[in-house]
Every structure is written in C-alpha cells, then in structure tokens.
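Protein chains: 2
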Amino acid sequence: MAAMEEVSNKQIVLKDYVTGYPKESDMEIRTRNLKLEVPQGSNAVLVKNLYLSCDPYMRACMTKPHDDTYFDSFTPGSPIAGYGVAKVVDSDNPNFKKGDLVWGITGWEEYSIITSTQLGLFKIEHTDVPLSYYTGLLGMPGMTAYVGFYDVCSPKKGDTVYVSAASGAVGQLVGQLAKLFGCYVVGSAGSKQKVDLLKNKFGFDEAFNYKEEQDLDATLKRYFPNGIDIYFENVGGKMLDAVLPTMNLHGRIAVCGMISQYNLEKHEGIHNLFCLISKRIRMEGFIVVDSYHLYPKYLEIILPCIKEGKVTYVEDVAVGLESAPAALVGLFSGHNVGKQLVAISHDE
Amino acid sequence: MAAMEEVSNKQIVLKDYVTGYPKESDMEIRTRNLKLEVPQGSNAVLVKNLYLSCDPYMRACMTKPHDDTYFDSFTPGSPIAGYGVAKVVDSDNPNFKKGDLVWGITGWEEYSIITSTQLGLFKIEHTDVPLSYYTGLLGMPGMTAYVGFYDVCSPKKGDTVYVSAASGAVGQLVGQLAKLFGCYVVGSAGSKQKVDLLKNKFGFDEAFNYKEEQDLDATLKRYFPNGIDIYFENVGGKMLDAVLPTMNLHGRIAVCGMISQYNLEKHEGIHNLFCLISKRIRMEGFIVVDSYHLYPKYLEIILPCIKEGKVTYVEDVAVGLESAPAALVGLFSGHNVGKQLVAISHDE
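Heads up: the protein sequence lines correspond to chains V and C, in order. This note's numbering puts the first residue of the first sequence at 3, with every later residue one more than the last. This note's numbering puts the first residue of the second sequence at 3, with every later residue one more than the last.
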C-alpha cells in the first residue's frame with residue numbers, strides 16, 4: 003500500500019446558532035488536513051463529496067437545541083451536515099468499497115468521514131441519469147414528494163391539487179406526479195420565471211405568482227372555483243390560512259414544510275382551523291426519513307418516468323464549496339429556481 | 003275520526019342573527035295555534051317534543067349565513083331547530099306511526115311538524131334506558147364520541163389520551179371509552195365540581211381545572227410527562243396551541259369542536275402547527291352526521307355497557323321550554339355540568 007496520503011480539506015462551518023434569517027456570515031470557510039484513510043475497526047467510510055444539497059429543513063438545524071427539537075442541531079465550529087452525493091475513497095464498512103457512489107447525509111467539506119451510527123448511506127446503482135439528481139429528484143426531495151403525494155394526500159383521479167413553493171425541489175415533482183395521476187394541478191411560486199416553468203416545463207394546469215396577489219383568498223377562489231381537494235403545504239403562514247376556507251369537504255392537507263415561518267421568532271397564527279371540522283379535513287405532517295424503506299419501489303417507478311421524459315427536473319447549481327453558504331441562505335428569499343444544490347467536484 | 007284538535011303551541015324563536023356571545027334576549031317565546039294533524043300527502047310527521055338538546059354547534063346556526071357556512075343557519079322569526087326526543091302524534095309518513103318515540107332534528111316548541119326532506123328521524127326501539135339519553139349518550143353526542151374516538155383517533159392500548167371540555171356531552175363518553183379501551187386518560191374542565199366528576203364518576207386517571215392553571219404548557223407536561231398520543235379537541239384556541247408541543251411522534255388529534263372560539267369575531271391564531279411536521283401528527287376534523295349509518299352498531303356496543311354499569315352519563319336538565327334559552331346560552335360560559343338538555347314535557 004502506498005504511503006498514507008494527506009490532503010487539505012476545505013470545510014463550511016457554522017459559526018454560531020442563528021436567530022432570524024440566516025446570513026452568509028453565519029458560516030465560514032476553513033481548511034483542515036485530513037489523512038485519506040479510515041481507521042481499521044471504525045466501520046466508517048471516507049468519501050469525496052461531489053454534490054451538496056441545500057434544503058429548507060436545514061434552517062431548523064441552525065437553531066440552538068431546545069425541548070421540541072426533532073431535527074438535530076448543527077454543532078457550531080463543525081462542518082454543516084446535509085444531504086449530498088459522494089464517492090467512496092476508503093472504507094472500513096463491508097457494505098461499501100472504494101469507488102462506490104453514494105448519497106445520504108454527509109458534511110459540507112471536500113472529504114467526509116461517515117460513521118455507521120449516522121443515517122444510512124444509499125448506494126447509487128443507476129448512473130445513466132445525472133448524478134446530481136441524487137440530491138433532488140432521486141434523493142430526499144424526490145422521496146418526499148412521492149411519499150407525501152401518494153401516502154399522505156390519498157389522491158383520487160380528478161382531484162384538484164394546490165402546491166405552494168411549487169417550483170422547489172419537492173413541489174415541482176408533486177405537481178408532475180399529480181398530473182400523471184389525473185389531477186387538476188395549480189402551483190404558486192414567487193417570480194414570473196418560476197410561474198413560467200410551472201406552466202411550460204412541468205405541465206401544471208395553472209400557476210400564479212403569490213407576490214403579485216393582494217388577496218390570497220380571492221386568488222385561490224379564482225383558480226379553484228370548485229374548491230381544493232388536496233393542498234401540498236410547503237410554506238405555512240398566511241397561505242395556509244387562505245387555503246383552509248377554499249378546501250373542499252373531506253379535503254387533505256399534506257404538511258411537508260412551512261418555509262415562510264422558519265426565520266420568525268414566533269410563527270404566524272393560523273385562524274381558520276375550524277374549517278377542519280366544517281369541511282372534515284385531514285391535515286397530516288410527515289417526514290420522509292420514516293419512509294426510506296420505500297426507496298427501491300420509488301426508483302422502480304421514477305426511473306422509467308425520467309427516461310421516457312414523463313418527469314423532468316430543474317436544478318439550480320451553484321459551483322464550488324465557497325458558494326454553498328450563499329446558496330443555502332438564498333433558499334429563504336426564494337433566490338433559487340428549482341432544486342438548489344452545490345457542485346463541489348467533478349472528479350467522479 | 004274526532005274533530006281536528008287545535009292547540010296552542012309555545013315556541014322559542016331566534017329574534018335575529020347573533021354576533022359575539024349569545025344572550026337569552028336573542029331569543030323570545032311566543033305562542034301559535036296548531037292543528038294536531040298532518041296534511042295528507044305531505045309525508046310529514048307531527049310530534050310532541052319531550053326533551054330538547056342544547057349543543058355547542060348551535061352557535062354556528064345563530065350566525066348570518068356566509069360563504070363558508072356548513073351548518074344551516076336558523077331563520078330569524080322561526081323556532082330554533084335542534085336535536086330532541088319526541089313522540090309521534092300524527093303521521094303521514096309510512097315509517098312512523100302515532101305513538102312512536104323518535105329522536106333527531108326537531109323544533110324548539112311544544113309540537114313540531116317534521117317533513118321528510120329534513121335529516122332523518124331515528125325511531126327509538128329501546129326504552130329501558132332514560133329517554134333523555136337520546137339527546138346525549140344514545141343520540142348525536144354519544145355517536146360523536148364513538149366515531150371520533152374509534153375512527154378518527156385510531157387508538158392503541160396504552161395510548162395517553164387528553165380530552166378537553168371533558169365533562170361535557172361528548173367528552174365524558176370519550177374518556178370512558180378510552181379507559182375501557184385500555185388508555186391512560188386525562189381530562190380538563192372549568193370547575194372543581196367537574197374535575198371531581200371526571201375523576202370520581204367517569205374514572206379518568208387524572209383531571210384538572212384549566213381555569214386554575216397559569217401555564218397550560220407546563221400543566222400538560224406535568225400530566226403527560228411522556229407526551230400525549232391522542233388529543234380529543236373540543237375547545238380550540240390557546241388549549242390547542244399548548245397541546246401541540248406536548249404531542250408525541252405520530253400523535254392524532256380528533257377535531258370535534260372549538261367551543262372557546264365560537265363567540266369570537268376572529269378565531270385566535272394557532273402558532274405551533276409546525277409540530278404537525280416535526281411530530282408527524284394527523285389532525286382530522288369530523289362531523290357525526292357523516293357516520294349515522296353506524297348508529298345500529300353503536301347501540302349494540304353501548305346499550306350493554308350502560309346496563310352493566312360500565313358507562314355512566316351525567317345530565318344537566320333544565321325544566322320547561324321557557325328555560326331553554328338560558329340553558330343554551332349557559333353552554334358558552336360552562337354553566338352546565340354534564341350534558342345540557344331541556345325537559346319540556348313528561349307526557350310520554
């Protein structure tokens with residue numbers, strides 16, 4: 003065996019817990035030396051990170067741990083953790099060998115040592131699709147859309163479906179799955195460019211720019227004259243309050259995210275929950291990690307859809323680890339168009 | 003046939019639509035003459051009302067009709083409509099004959115003509131239990147508790163269950179059903195007397211007076227150190243907001259009523275709905291009228307429980323039609339202890 007190689011490992015580190023909107027300056031870049039070898043008996047794998055994923059849930063991990071935290075907080079002074087696509091450089095784990103491509107939770111750095119106690123890594127078996135898709139369409143956000151739409155929304159053919167943050171990593175797929183299922187789909191997003199994508203690229207029946215609407219209640223009634231059967235909730239706050247009175251009897255609300263609320267000290271109050279009774283609505287929250295056992299089944303369904311052009315996916319790719327903090331922060335002002343990710347190495 | 007008898011018919015009439023807390027003076031008593039005969043071909047039944055039910059949902063019917071009304075509003079100048087127990091005096095309907103006892107939607111008056119287009123009347127087959135129970139335990143509130151607990155809460159043995167407004171018409175039965183099912187049950191109510199009932203009469207494991215608690219979050223954490231699996235929601239507002247962070251992973255909230263909100267111009271804002279995601283909670287509203295087909299099954303289950311003393315029921319009986327407005331208004335200040343009803347005739 004060659005002498006152990008030592009490399010410099012660039013990292014993005016959280017400086018301290020965040021309140022309010024995260025800023026680029028909440029993170030810093032630093033370099034540490036790293037030996038490209040995992041200790042024997044550690045059961046760990048050493049990976050070279052290729053793509054990092056920027057996801058809204060990461061905002062919760064930037065908050066100081068408290069009683070009701072169900073997302074593990076990041077550790078200030080340590081690299082940010084998040085989903086990514088990586089290549090195995092060295093392995094002491096029998097399930098992975100050098101050269102394997104994987105996706106799962108890794109670190110915001112060039113190389114990461116991933117121990118077996120963390121959330122499992124998924125081995126990438128299909129490489130005839132863009133590798134970056136494993137941060138999105140073929141990774142956590144894709145599974146989120148799949149589980150949320152089929153399992154939580156209980157769709158029926160002909161249902162009217164409303165998706166907020168509809169051009170995002172999850173929303174764009176929810177809309178396409180709903181269309182393939184035979185639903186009528188309307189999405190909202192925050193710019194003309196995104197609205198155009200929804201209508202012309204993803205095949206939504208209708209779409210609107212919520213920032214241009216003065217009266218969301220009236221807007222929703224205009225787009226859904228016969229009411230909403232399914233609401234796929236990504237934003238929370240005023241949008242949720244406007245949706246509730248527009249829901250139909252026995253409607254379903256899949257609560258996936260509430261990105262409009264994550265940077266507020268106290269979340270906005272929702273006033274229209276009596277509609278849950280009067281309209282017999284089921285409102286259900288979910289987190290995809292509970293459903294990863296369905297991943298092989300998801301791949302079976304989605305890979306042919308991709309190859310046949312039935313499902314498309316738009317990515318917003320920032321280049322270089324240095325650009326990761328701005329890319330993450332940009333999620334919360336809607337800067338990204340489509341799935342936000344960071345390409346940190348082309349050395350696949 | 004004897005000459006048609008004409009009687010004077012005392013009625014409680016809604017004077018006008020109500021905003022804010024209803025007052026006795028929103029209703030008035032009046033007398034009309036009535037022939038004790040239904041017209042041939044009308045398919046109607048004429049009943050003598052025996053017991054009238056006071057239910058929180060009736061507040062919604064006192065409000066001016068608007069877009070999102072799913073409860074039919076009362077008609078100002080006409081008798082109030084509500085659940086009751088009655089005896090058939092004359093019938094042009096083949097399903098009912100003179101002398102039958104029935105329960106269902108009737109009028110707040112001594113005699114009512116019930117047409118077939120209204121919600122069906124249920125024929126009372128079992129009279130070896132108190133007839134008044136058909137306004138509560140054996141009527142709409144009983145069915146509400148049954149459907150809400152078994153179908154909406156998806157209980158498991160050992161679940162921790164919290165019931166608000168727990169000594170009310172629905173809550174007292176929910177708690178008893180949950181205990182029989184093998185759950186740990188805590189209830190809240192608004193007086194020492196009601197708390198005593200919960201613990202000593204209905205067999206709740208614990209109970210507390212919410213009016214004496216300064217910090218509902220802390221109170222709930224004290225009574226549920228291991229969290230709440232099932233919340234049976236009868237009150238809404240601040241209580242709901244305090245419950246959400248105390249819920250366990252995969253908890254269920256059956257949304258039955260929100261009595262604390264019915265008299266507010268705008269319902270209080272709920273801030274903790276992000277818990278639906280972090281704890282994967284299902285929150286589901288329901289209305290019992292969707293489930294009346296299960297009534298025969300419910301009777302099969304509940305009648306033996308009553309006869310064997312496994313289920314008990316506390317009623318708060320106002321006497322005389324004149325006392326009905328005060329009884330109804332009293333619901334919204336928690337004046338009633340147990341199921342509120344009005345006995346208007348003993349002529350069974």
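It is worth saying that the hints were derived from the structure and are not from the lab. Heads up, a few of these hints could be off.
The list treats identical chains as interchangeable, and a pair is accepted whether it falls inside one copy or across any two copies.
[Stated by the list, open to error] Okay, derived cross-link-like pairs now, SDA-like style, lysine to any residue, Cα gap no bigger than 25 Å in a straight line:
hint, residue 1, residue 2
1, Lys299, Glu317
2, Lys281, Gly122
3, Lys240, Glu267
4, Lys268, Ala244
5, Lys240, Lys281
6, Lys37, Lys194
7, Lys66, Asp219
8, Lys281, Met241
9, Lys299, Asp74
10, Lys309, Glu8
11, Lys66, Glu39
Results for each hint:
Taking identical chains as interchangeable, the C-alpha atoms of Lys299 and Glu317 lie at most 25 Å apart only when both belong to the same chain, with a minimum of 24 Å there against 55 Å between chains. Taking identical chains as interchangeable, the C-alpha atoms of Lys281 and Gly122 lie at most 25 Å apart only when they sit on different chains, with a minimum of 21 Å there against 41 Å within one chain. Proximity of Lys240 to Glu267 under the C-alpha cut-off of 25 Å is found in both arrangements, the shortest distances being 16 Å within a copy and 18 Å between copies. Taking the shortest alpha-carbon separations for Lys268 and Ala244, both the intra-copy value of 19 Å and the inter-copy value of 14 Å come in at or below 25 Å.
In the homo-oligomer, the alpha carbons of Lys240 and Lys281 lie at most 25 Å apart both inside one protomer (19 Å) and across protomers (22 Å), since each shortest distance falls under that limit. In this homomeric assembly, Lys37 and Lys194 never come within 25 Å of each other (Cα to Cα): the closest approach is 48 Å inside a single copy and 69 Å across copies. When the C-alpha separation of Lys66 and Asp219 is checked against a cutoff of 25 Å, the pair qualifies only between copies, where the shortest distance is 20 Å, while the shortest distance within a copy is 36 Å. Proximity of Lys281 to Met241 under the C-alpha cut-off of 25 Å is found in both arrangements, the shortest distances being 18 Å within a copy and 21 Å between copies.
Proximity of Lys299 and Asp74 under a CA criterion of 25 Å is satisfied in neither setting, with 28 Å inside one chain copy and 47 Å between copies. Neither within a single protomer nor between protomers do Lys309 and Glu8 lie at most 25 Å apart by alpha-carbon distance, with minima of 41 Å and 81 Å respectively. For the identical chains of this complex, Lys66 and Glu39 are neighbours neither inside a copy (33 Å) nor across copies (74 Å), given an alpha-carbon limit of 25 Å.
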